[in-house]
Amino acid sequence: MKVDASNPLWRFRGITSTAMLFFAYLYLPIVILIALSFNENRLATIWTGFTTDWYVVALSNDDMLRAAQNSLVVAVSATVIATIAATLAAMGMSRGRFRGETGVSAMLALPLLVPEVVTAIATLLFFVAIGIKLGLLTIIIAHTVFCIPFAYLPIRARLEGMDPSLTEAANDLYANEWKAFRRVTLPLLWPGILSGAMLSFIISLDDFVISYFVGGAGATTLPIYIFGMIRIGITPEVNAISAMMLLVSIIFVSVSFLIDRIRY
Amino acid sequence: MSEVVISAQSVSKTFGAGADKVTALDDVSVDIFQNEFFTMLGPSGCGKTTLLRLIGGFEQASAGQILLEGQALNDLPPFKRPINTVFQSYALFPHLTVRQNITFGLEMKSISRADANARADEMLELVQLAQYGDRSPSQLSGGQQQRIALARALAPAPKVLLLDEPLSALDLKLRKEMQIELKRLQTETGITFVFVTHDQEEALAMSDRIAVMQSGKILQVGAPREIYEQPTHRFVADFIGDSNFLRGDLVDGPNGGHAISFGEGQVINLAQDVKSDKLKDVNVSIRPERLSITDAKATNGNQLTGTVTFVTYFGTDTTYRVDLDGQGPVTVRMQNGDGANAQFGKGDRVGVVMPAEAIRVLVD
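Residue numbers (my numbering), protein chains in the order written: chain A, 1 to 264; chain B, 265 to 628.
No lab work stands behind these hints: they were computed from the structure. What you are looking at is a predicted structure, and each value in this text was computed from that prediction instead of being measured. Treat each hint with caution, since some may be false.
[Claimed, not checked] Which chain A residues face chain B? A few, computed with CB under 10 Å, are given here:
id, residue
1, S165
2, T167
3, E168
4, A169
5, A170
6, A175
7, V184
8, W190
Note that beta-carbon positions come from the ideal geometry of N, C-alpha and C, so glycine has one too.
Sequences and hints are given; from them, build the entire structure.
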């Protein structure tokens, strides 16, 4: 391994142990969670032997499967809507300067900074005020809102890195606006769009606070279901479900990361 | 000359409004002919690229109009103009192969795939990159990308090819090669090339005619030799090549011609037919290589006297700095040849001979 000698932090003798402590702090809980999902004992914290039974139990739990299905429906819908909106927003923001551009840019990213509880209460109040029935639809609407900035940022970054004369070149070569978009802009933007969509998907799948507030009684998503389970007690089944969610997240985030690295 | 292809008529272009208003083109009129290598030359910000973008349809004129073969282009979008562009950044589509790049325009014009591919091969042959069709643009060198950009723009056989400083990203050696290459392509295809550059050497080497631009205006249009030898404006004489500038009064010369008086009885005859209302303190230029120095006592006319202040030997020629009496310094460049001028050194009193036809009275 090559070490930058000019970096004073590398001269600190305890660097290796400190780094290990740091990563243990980050990942040890997750490692324990995964390990305990293979625990034979009903009590999650007492290790008695290895088994994969809890995965079988989890996957044959109809309530859990229904919650997972709800989560999937919400995540897919929110992702599709948010990604389309984000793509259009990014395209609009890239075409020249206009008054208040900085303000609009800031407002697009603002949902990332507003405390989630505030958004959740505000959204709930809004739905109640306009008299819409709480359920999966309200969750989808609320998720779409906070997914947009996550989808927007990678798409915008792609567009910024794109030579503006590429679109002009397409126009110059007899492609009208639509054909230029479909044949040149979209293919070049595609990795950013996909990366943004995957991020949105994971953020939506993972959301608890907003879903909990605006979901109402019938619409239980996976995080809400897990929350309900641990109120009774942490069982290896919860661990197993969590481990599976983690796996899905890791896959999506990795793929998103790899796609975003595509360079022509 | 042959037919007019592009005709710009009183074209103006302004950007912004109010206090931020910038005039990029100011009432520009010019005709560009069939099968011509036409260059727009000027420093950055002179409006040359704006005029090119107006012809391409990427910008709309604020006033005036541009005609293509007599038809007003007005607000026709770029994709409806039979005009193609080679962009400064080449703008090759990175997600397509070289061949797909070249067939892009043909496909958009609904030309069959077989015909498009045949045309692409023909174009690759033309730019001498026949083996590169299946590569990705990022696998090519700068010079090769340049050729592909040319092939792509030439493939749909446009009436006019626009080139926006296409050589500026190349190193000197490659640039020289591409200058010859561009000229060859223009001659072989017979397509009108409209070329934008700030490099005067490039413009002189390739162009049939050059338009010299400054501050949104075209100052002079002419063949390279005409631009170089008969500049009309001080800016043109200064921007292209080296020039000596002097100031004098316009007086009557022999045989009904004109002459320039530099005071103290120093009068130089002109060959130029000057049509200037201004008589006092006019601007005059002369190229260093058109001057020569002789003995101060020689009296062959059209000669000013001065003192040599500096001599620089360059091998093929020698440059003399001569302080003209009452006029300030001029540079004289003489070929070394048989060594006839080797006798002059620093501090010598000399006569500087100015051939009448080499002196230009300029618009300031």
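For this session: Please name the hints from earlier in the document that this structure breaks, with their numbers sorted from lowest to highest.
Result: none
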